[in-house]
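Asks: Guided by the hints, dock chain B onto chain A, whose structure is given.
Each chain, written out:
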Amino acid sequence: MTNVKVYTTPTCSSCKKTKEFLNENNVKFEEVNVAKDQNAVQEMLQKSGQMGVPVTDIDGQIIIGFDKLKLKKLLNIGG
Amino acid sequence: MYDVIIIGAGVTGLAAGMYAGRLNLKTLVLGATSGTEQPIGGVITLTETVENYPGFIKLSGSELAENLQKHAEDYKDKVTVEEGKAITVERHDERGCFVVKTDEKQYDAKSIIFATGTKWRKLPMKGAKEFESRGVHYCALCDGPLYKDKVVVVVGGSDTAAKEALFLAEYAKKVYIIYRGEQIRPEPINAKRISENKKIIVVTKTNIVEIMGDKLVNKIQLDNKHEGKDVLEVDAIFGAIGSTPLSELAKSLGVKTNEKGEIPINHKDSTTNVKGIFAAGDVTDKDFKQAITGVAEGVVAAYSAYAYVNENEFVCTFYDKEYAESKESVTK
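Residue numbers (our numbering), protein chains in the order written: chain A, 1 to 79; chain B, 1 to 332.
Derived from the structure by calculation, the hints contain no laboratory data.
Every residue, glycine too, gets a C-beta built ideally from N, C-alpha and C.
The reader is advised that the hints may include incorrect statements.
What the hints assert, rightly or not - Partial chain B-side listing against chain A, Cβ under 7 Å, derived:
1. Gln-38
2. Thr-45
3. Leu-141
To be verified - No more than 25 Å apart at the CA atoms, straight line, and that leaves these computed lysine-lysine pairs for DSS-like:
4. Lys-36(A) <-> Lys-174(B)
5. Lys-5(A) <-> Lys-148(B)
6. Lys-148(B) <-> Lys-47(A)
7. Lys-17(A) <-> Lys-72(A)
8. Lys-68(A) <-> Lys-85(B)
9. Lys-219(B) <-> Lys-68(A)
10. Lys-173(B) <-> Lys-229(B)
11. Lys-215(B) <-> Lys-5(A)
12. Lys-16(A) <-> Lys-119(B)
13. Lys-219(B) <-> Lys-47(A)
14. Lys-101(B) <-> Lys-78(B)
15. Lys-215(B) <-> Lys-47(A)
16. Lys-105(B) <-> Lys-73(A)
17. Lys-148(B) <-> Lys-101(B)
Bound-form chain A, shown alone (with noise of 0.2 Å):
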């Protein structure tokens, strides 16, 4: 099963547009809120080397920003 984890931030509108289209193609995710979690903030420079969010770790992999084409072709979504 692929592992989904978001990091984002609650206004962040780059973020929300990651999740719906995490939810619309049905693929379960952890949202990691690096506004409140300061040990998540490094995790997250630690796996992308940079501060900006959305940050998307998918099985390891790392997508910065919301990237739909990059997001499809790592979980395999078609069309």
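Replies: This is chain B only, laid out in the frame that chain A set:
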């Protein structure tokens, strides 16, 4: 064949799209992002709170954009709102139609409205590019909450810079507004909020000359001392130094631009110097650029496109499939 293609799906483009649909024009609204904003919705989606759109005391930028998109798409038989970056727009002759190409599709239209807006100017000082997303940011709404209890900077003196600082102050321990001019110039209500917010420190007549750090930003060098120091320890810098009009595509069609790259329009009817091309919103040459003024111009542009489409015979000099098929079906 569309009656009008609106290039840009921010508030201006979406409003123009709604009105064009209402006027029975077959309409395409094409939206793309130049970086942080949403392709459908535009730069208003980077504003957390909009309090100056008449009729709405307070709503988020995203909500406003969604409302406008829903309204445009309510004319579902006429209006299509799509993500797509227009790469070229061509026209064959004065009477001819326009061909808009993205990297995936091609669209034909009788008229064009440029509602392409602007893109945020990037910070120019040493280190700004190197530390982008590693402490240098352009969207407080997106990345500000990451800096809880930290020290952050907003560079700029506009109302936008002020609003960014006010938002950041909800999370950060301290917010410096660093501005090169004599005085920052927010709207009165935001000026009052800034003066009452103990976390916000305004530093004027000062520039950042270098952004420094290791893995992440950790300090900035100023060209003037602040409280005896010209090096400040900070965790992030948010750029809010204005924007550049996105007018290159319009220029490629012979649309005149001014020295700032804005498209001068006739403010009565949103026309440009080229017949069949209209412009509206932040890409134009008006002084007071707000969502509501862009929306108003967009609606006027839609009306002008409607008048233009109805008053002119269109003979397209490239293959018009719909026209050919309609002729075929008549002769059969």
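Asks: The structure should be examined with respect to each hint, and the outcome stated for every one.
Replies: Hints, one by one, checked against the model:
1. Evaluation of the Gln-38(B) hint against chain A yields a held restraint, the C-beta minimum of about 5 Å falling below 7 Å.
2. Checking Thr-45(B) against chain A: minimum C-beta separation of about 5 Å stays under 7 Å; hint holds.
3. With a cut of 7 Å, the hint placing Leu-141(B) at the interface with chain A holds, because the nearest CB-to-CB distance is about 5 Å.
4. At roughly 18 Å between alpha-carbon atoms, Lys-36(A) and Lys-174(B) fall within 25 Å of each other, so this suggested pair holds.
5. Restraint check for Lys-5(A) and Lys-148(B): the C-alpha separation of about 22 Å stays at or below 25 Å, so the hint holds.
6. Between Lys-148(B) and Lys-47(A) the alpha-carbon distance is near 20 Å, which keeps this suggested pair within the 25 Å criterion.
7. A hinted pair counts as satisfied when its Cα atoms are at most 25 Å apart, and Lys-17(A) with Lys-72(A) qualifies at roughly 14 Å.
8. The hinted pair formed by Lys-68(A) and Lys-85(B) meets the criterion: a straight-line CA distance of about 15 Å does not exceed 25 Å.
9. Taking the CA atoms of Lys-219(B) and Lys-68(A), the gap is near 35 Å; set against the 25 Å cutoff, the hint is violated.
10. Distance restraint check for Lys-173(B) and Lys-229(B): the Cα-Cα separation of roughly 19 Å lies within the 25 Å cut-off, and the hinted pair is therefore satisfied.
11. At most 25 Å may separate the alpha-carbon atoms for a hinted pair to count; Lys-215(B) and Lys-5(A) meet this at roughly 23 Å.
12. Distance check on the hinted pair: Lys-16(A) and Lys-119(B) sit about 22 Å apart at the alpha-carbon level, within 25 Å; holds.
13. Restraint check for Lys-219(B) and Lys-47(A): the C-alpha separation of about 24 Å stays at or below 25 Å, so the hint holds.
14. For a cut-off of 25 Å, the pair hint linking Lys-101(B) to Lys-78(B) stands: about 20 Å separates their Cα positions.
15. Using a Cα cut-off of 25 Å, the hinted pair Lys-215(B) and Lys-47(A) holds, with the two alpha carbons roughly 13 Å apart.
16. Using a Cα cut-off of 25 Å, the hinted pair Lys-105(B) and Lys-73(A) holds, with the two alpha carbons roughly 21 Å apart.
17. Proposed proximity of Lys-148(B) and Lys-101(B) is contradicted: the alpha carbons are some 44 Å apart, above 25 Å.
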